[in-house]
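S.K.: Quick mapping for you: the protein sequence lines, in order, are chains Y and P.
Taking my numbering, the leading residue of the first sequence gets 1, the next gets one more, and so forth.
Taking my numbering, the leading residue of the second sequence gets 1, the next gets one more, and so forth.
Bear in mind the hints are in silico, worked out from the structure with no lab data behind them.
Please read all numbers here as calculations on a predicted model, not as lab measurements.
Just so it is clear, CB atoms sit at the ideal spot from N, CA and C, and this is done for glycine as well.
Accuracy of the hints is not assured; some may be wrong.
Stated by the list, open to error - Beta-carbon label-pair distances, calculated as ranges:
| id | chain 1 | residue 1 | chain 2 | residue 2 | range |
| --- | --- | --- | --- | --- | --- |
| 1 | Y | Ala88 | P | Val127 | 35 to 45 Å |
| 2 | Y | Gly379 | P | Glu52 | 48 to 58 Å |
| 3 | Y | Lys392 | P | Phe86 | 43 to 53 Å |
| 4 | Y | Ala353 | P | Glu258 | 46 to 56 Å |
| 5 | Y | Gly208 | P | Glu234 | 49 to 59 Å |
| 6 | P | Ala304 | Y | Thr48 | 53 to 63 Å |
Said to hold, decoys possible - Below, a list of computed lysine to any residue pairs in the SDA-like style, where the Cα atoms sit at most 25 Å apart:
| id | chain 1 | residue 1 | chain 2 | residue 2 |
| --- | --- | --- | --- | --- |
| 7 | Y | Lys376 | Y | Pro362 |
| 8 | Y | Lys365 | P | Thr330 |
| 9 | Y | Lys87 | P | Pro338 |
| 10 | Y | Lys151 | Y | Gly134 |
| 11 | Y | Lys349 | Y | Met299 |
| 12 | Y | Lys273 | Y | Ser43 |
| 13 | Y | Lys151 | Y | Glu368 |
| 14 | Y | Lys359 | P | Pro297 |
| 15 | Y | Lys365 | P | Thr343 |
| 16 | Y | Lys365 | P | Pro297 |
| 17 | P | Lys352 | P | Thr248 |
| 18 | Y | Lys359 | P | Thr343 |
Spelled out, the chains give:
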Amino acid sequence: MALSRLSSRSTTLLQPLATAAFPTSLRRRHISTDTTPITVETSLPFTTHLVEPPSRAVETSSEELLSFFRDMALMRRMEIAADSLYKAKLIRGFCHLYDGQEAVAIGMEAAITRRDAIITSYRDHCTFLGRGGGLFEAFSELMGRTTGCSKGKGGSMHFYKKDASFYGGHGIVGAQAPLGCGLAFAQKYSKEEAVTFTLYGDGAANQGQLFEALNIAALWDLPAVLVCENNHYGMGTAEWRSAKSPAYFKRGDYVPGLKVDGMDALAVKQACKFAKEYALKNGPIILEMDTYRYHGHSMSDPGSTYRTRDEISGVRQVRDPIDRVRKLIISHDIATEKELKDMEKEVRKDVDAAVAQAKESPIPKPSELFTNIYVKGFGSESFGADRKELRKCRHTKIISSLSTEQTQA
Amino acid sequence: MASLLGRFCRKLVVPGSAHGSRMVSTTSCDSEAVKSLNLYSAINQALHIALETDPRSYVFGEDVGFGGVFRCTTGLAERFGKNRVFNTPLCEQGIVGFGIGLAAMGNRAVVEIQFADYIYPAFDQIVNEAAKFRYRSGNQFNCGGLTIRAPYGAVGHGGHYHSQSPEAFFCHVPGIKVVIPRSPREAKGLLLSSIRDPNPVVFFEPKWLYRQAVEEVPEHDYMIPLSQAEVIREGSDITLVGWGAQLTVMEQACLDAEKEGISCELIDLKTLLPWDKETVEASVKKTGRLLISHEAPITGGFGAEISATILERCFLKLEAPVSRVCGLDTPFPLVFEPFYMPTKNKILNAIKSTVNY
Chain Y
1 MALSRLSSRS TTLLQPLATA AFPTSLRRRH ISTDTTPITV ETSLPFTTHL VEPPSRAVET
61 SSEELLSFFR DMALMRRMEI AADSLYKAKL IRGFCHLYDG QEAVAIGMEA AITRRDAIIT
121 SYRDHCTFLG RGGGLFEAFS ELMGRTTGCS KGKGGSMHFY KKDASFYGGH GIVGAQAPLG
181 CGLAFAQKYS KEEAVTFTLY GDGAANQGQL FEALNIAALW DLPAVLVCEN NHYGMGTAEW
241 RSAKSPAYFK RGDYVPGLKV DGMDALAVKQ ACKFAKEYAL KNGPIILEMD TYRYHGHSMS
301 DPGSTYRTRD EISGVRQVRD PIDRVRKLII SHDIATEKEL KDMEKEVRKD VDAAVAQAKE
361 SPIPKPSELF TNIYVKGFGS ESFGADRKEL RKCRHTKIIS SLSTEQTQA
Chain P
1 MASLLGRFCR KLVVPGSAHG SRMVSTTSCD SEAVKSLNLY SAINQALHIA LETDPRSYVF
61 GEDVGFGGVF RCTTGLAERF GKNRVFNTPL CEQGIVGFGI GLAAMGNRAV VEIQFADYIY
121 PAFDQIVNEA AKFRYRSGNQ FNCGGLTIRA PYGAVGHGGH YHSQSPEAFF CHVPGIKVVI
181 PRSPREAKGL LLSSIRDPNP VVFFEPKWLY RQAVEEVPEH DYMIPLSQAE VIREGSDITL
241 VGWGAQLTVM EQACLDAEKE GISCELIDLK TLLPWDKETV EASVKKTGRL LISHEAPITG
301 GFGAEISATI LERCFLKLEA PVSRVCGLDT PFPLVFEPFY MPTKNKILNA IKSTVNY
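Kindly produce the complete structure, drawing on both the sequences and the hints.
M.R.: Structure below.
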């Protein structure tokens with residue numbers, strides 16, 4: 001944590017803490033470490049369903065606002081770097097970028113602990129970072145290297161971080177909803193006083209399994225917060241064309257819901273704090289985050305065939321989450337514009353360094369193709385140059401090592 | 001359903017030639033106009049024709065309205081209207097169930113599942129509803145007008161959920177048909193046959209070939225019969241059986257084998273369920289050896305069914321065990337795809353060891 005220093009809310013640039021050659025996590029490097037509470041009002045009121053809204057006045061501090069700014073700038077830069085890497089064919093497969101939606105990840109983290117679980121869809125890079133994941137691990141995983149968070153075997157859609165209760169990264173739309181409710185059940189059973197945030201999109205909101213999960217969570221009063229990240233487009237389909245009722249926060253029927261301006265990190269923080277308290281006492285609650293993604297659905301989607309460029313630039317100008325925090329910081333005299341720009345430059349350097357190091361990392365050995373299909377020694381293992389021989393393992397025997405000879409393609 | 005049968009009989013059905021020696025389709029089309037098309041354009045043409053010839057046919061699925069993620073449905077919504085070509089919400093189980101209902105009322109429902117990897121939520125509907133409808137209602141009802149199209153197979157960088165080949169799961173279900181084309185010309189004819197076949201059909205399209213495969217495709221309305229395999233390359237030493245994009249790889253192996261003096265016969269199965277046992281049997285009785293290749297993992301893959309059947313029918317004629325060169329028994333990997341895939345060299349090795357058994 002940052003050293004506590006008494007400082008006035010002046011514009012003097014305080015020395016940032018010294019860090020390693022390239023900070024690999026969202027370590028707090030603050031210009032101001034002032035934790036005096038500042039109260040900010042959310043940009044929009046909360047819309048509710050079957051519940052009283054939390055207050056619009058959100059308590060924050062200089063330190064928090066600066067950390068919001070830096071962390072969101074880091075996420076934004078990471079996604080843009082991923083875009084370039086994908087176009088350079090260093091990232092292959094599919095790559096779903098989160099830029100525009102950073103406030104949801106950041107606001108949520110500010111309201112919860114690392115014992116609360118998060119599970120989300122394939123648009124998971126920033127969520128991973130928010131959970132304490134490192135830039136180097138993220139870029140390594142994107143490029144399929146052994147130093148990646150999933151050892152290079154998962155790729156963009158499958159980031160996980162067990163020690164931060166981040167259950168990933170799911171490719172199949174909506175499949176994480178029942179999983180999240182299962183996590184919540186385990187937390188309740190173990191009396192952990194923790195909740196699970198299950199994130200899904202407006203596209204997934206029409207999947208049957210979501211309603212199955214909702215019913216179970218409500219029936220058994222599970223501490224599950226279901227968060228619909230409504231960026232208004234399920235890939236290429238606008239919400240009004242796929243949903244009879246795009247009021248996703250009301251879809252829970254008997255489950256209360258809250259609609260939140262997902263571009264306002266403070267509103268997100270307030271809503272998540274409220275939701276956690278609610279879920280621990282009463283059971284599931286739905287949060288609908290009204291957010292927006294600047295990129296298309298994935299790198300294969302230009303993002304402009306189903307919406308206008310004016311719409312995208314309009315949202316960027318009026319609702320960008322980073323700009324909102326920037327304006328707050330400047331108007332509260334927490335830092336100057338130049339200081340913020342310097343912070344962004346630093347972030348850019350960090351990202352570039354992480355990318356450079358990740359590029360040097362090794363690709364997994366071919367024998368890794370066969371690991372972790374079953375638990376080692378309890379499943380079956382492949383043999384022979386063509387790997388067609390399968391031998392069932394018995395746990396008392398140690399199967400001889402796999403031949404490392406590979407047939408060249 | 002009489003109208004469906006009527007249309008089936010009226011259209012020109014062009015039998016496949018048994019002496020084709022090229023990968024491309026051997027459907028004859030001499031006097032008719034042809035156009036050089038890739039796979040997605042050929043499928044697009046087939047859909048245009050299907051909607052044109054039957055006013056009670058519909059195309060729907062996720063994002064099909066603007067043309068679809070692979071451009072297979074381009075121009076359909078503009079031409080036939082949003083009441084016949086429309087987007088659905090993201091719910092495969094709901095989409096297929098909806099299609100079954102529509103088909104039960106005598107319509108032709110052409111459902112698109114965006115990637116075969118996403119077909120599993122609809123698996124219950126396909127297996128328990130679509131496949132058994134006619135059977136359990138004593139032929140009062142059926143959903144023969146249902147055709148489910150899904151892009152399948154490796155694409156070079158698809159990873160776990162954009163590369164799967166799930167055909168084996170569906171080949172285990174009496175009551176539906178499973179069809180897989182190998183090229184643009186084949187795809188158009190087979191898709192039209194599948195749409196007009198009075199049984200529910202699952203049609204897997206090799207996504208790797210959507211842009212890669214280009215062929216002269218006749219512009220008129222033609223169909224290629226289902227459940228009829230085609231010998232696309234004649235040979236005498238070993239029979240190779242495959243389908244879809246894998247045939248390209250197998251043909252490369254055949255060419256290499258020929259340089260070493262091994263004469264390979266290559267068969268495109270086209271329809272996996274019900275499959276043309278007679279053609280394969282006749283070929284294996286001639287050559288005495290069989291090799292099957294598919295991208296799906298080897299254990300429980302459709303190659304096992306072919307192997308078992310041929311063993312029953314040709315046991316005394318076999319000179320060597322049936323060889324299967326398939327995907328490995330792992331989830332479809334991301335960075336390891338080149339090791340996972342049944343490549344040309346793996347097939348060539350297997351051809352040689354089978355011939356030299």
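S.K.: If a hint holds in the structure, say so; if it does not, say that too.
M.R.: Comparing the hints with the structure gives:
At about 44 Å, the beta-carbon gap between Y/Ala88 and P/Val127 stays in the expected band of 35 to 45 Å. Restraint check, Y/Gly379 to P/Glu52: a C-beta distance of roughly 52 Å satisfies the suggested window 48 to 58 Å. Checked against the hint of 43 to 53 Å, the C-beta distance between Y/Lys392 and P/Phe86 comes to roughly 49 Å, which is consistent with it. The hint said 46 to 56 Å for the Cβ distance between Y/Ala353 and P/Glu258, and at roughly 54 Å that hint holds.
A hinted range of 49 to 59 Å for the beta carbons of Y/Gly208 and P/Glu234 is consistent with their spacing of about 50 Å. Separation of P/Ala304 from Y/Thr48 is about 57 Å and conforms to the stated range, judged on CB atoms against 53 to 63 Å. Restraint check: the Cα-Cα separation between Y/Lys376 and Y/Pro362 comes to about 23 Å, which is no more than 25 Å; the hinted pair holds. The hinted pair formed by Y/Lys365 and P/Thr330 meets the criterion: a straight-line CA distance of about 15 Å does not exceed 25 Å.
Only pairs whose Cα atoms come within 25 Å are accepted, and Y/Lys87 paired with P/Pro338 is accepted, the gap being roughly 21 Å. Restraint check for Y/Lys151 and Y/Gly134: the C-alpha separation of about 14 Å stays at or below 25 Å, so the hint holds. Between Y/Lys349 and Y/Met299 the CA atoms are separated by roughly 24 Å; this keeps the pair inside 25 Å, and the hint holds. Of the pairs offered as hints, the one joining Y/Lys273 and Y/Ser43 holds, with about 17 Å between alpha carbons and a cut-off of 25 Å not exceeded.
The hinted pair formed by Y/Lys151 and Y/Glu368 meets the criterion: a straight-line CA distance of about 9 Å does not exceed 25 Å. Taking the CA atoms of Y/Lys359 and P/Pro297, the gap is near 31 Å; set against the 25 Å cutoff, the hint is violated. Under the criterion of a C-alpha separation no larger than 25 Å, the hint pairing Y/Lys365 with P/Thr343 is consistent with the structure, at around 19 Å. With a CA separation close to 21 Å, the supplied pair Y/Lys365 and P/Pro297 stays within the 25 Å bound.
Distance restraint check for P/Lys352 and P/Thr248: the Cα-Cα separation of roughly 19 Å lies within the 25 Å cut-off, and the hinted pair is therefore satisfied. As the CA atoms of Y/Lys359 and P/Thr343 are separated by approximately 28 Å, the hinted pair breaks the 25 Å bound.
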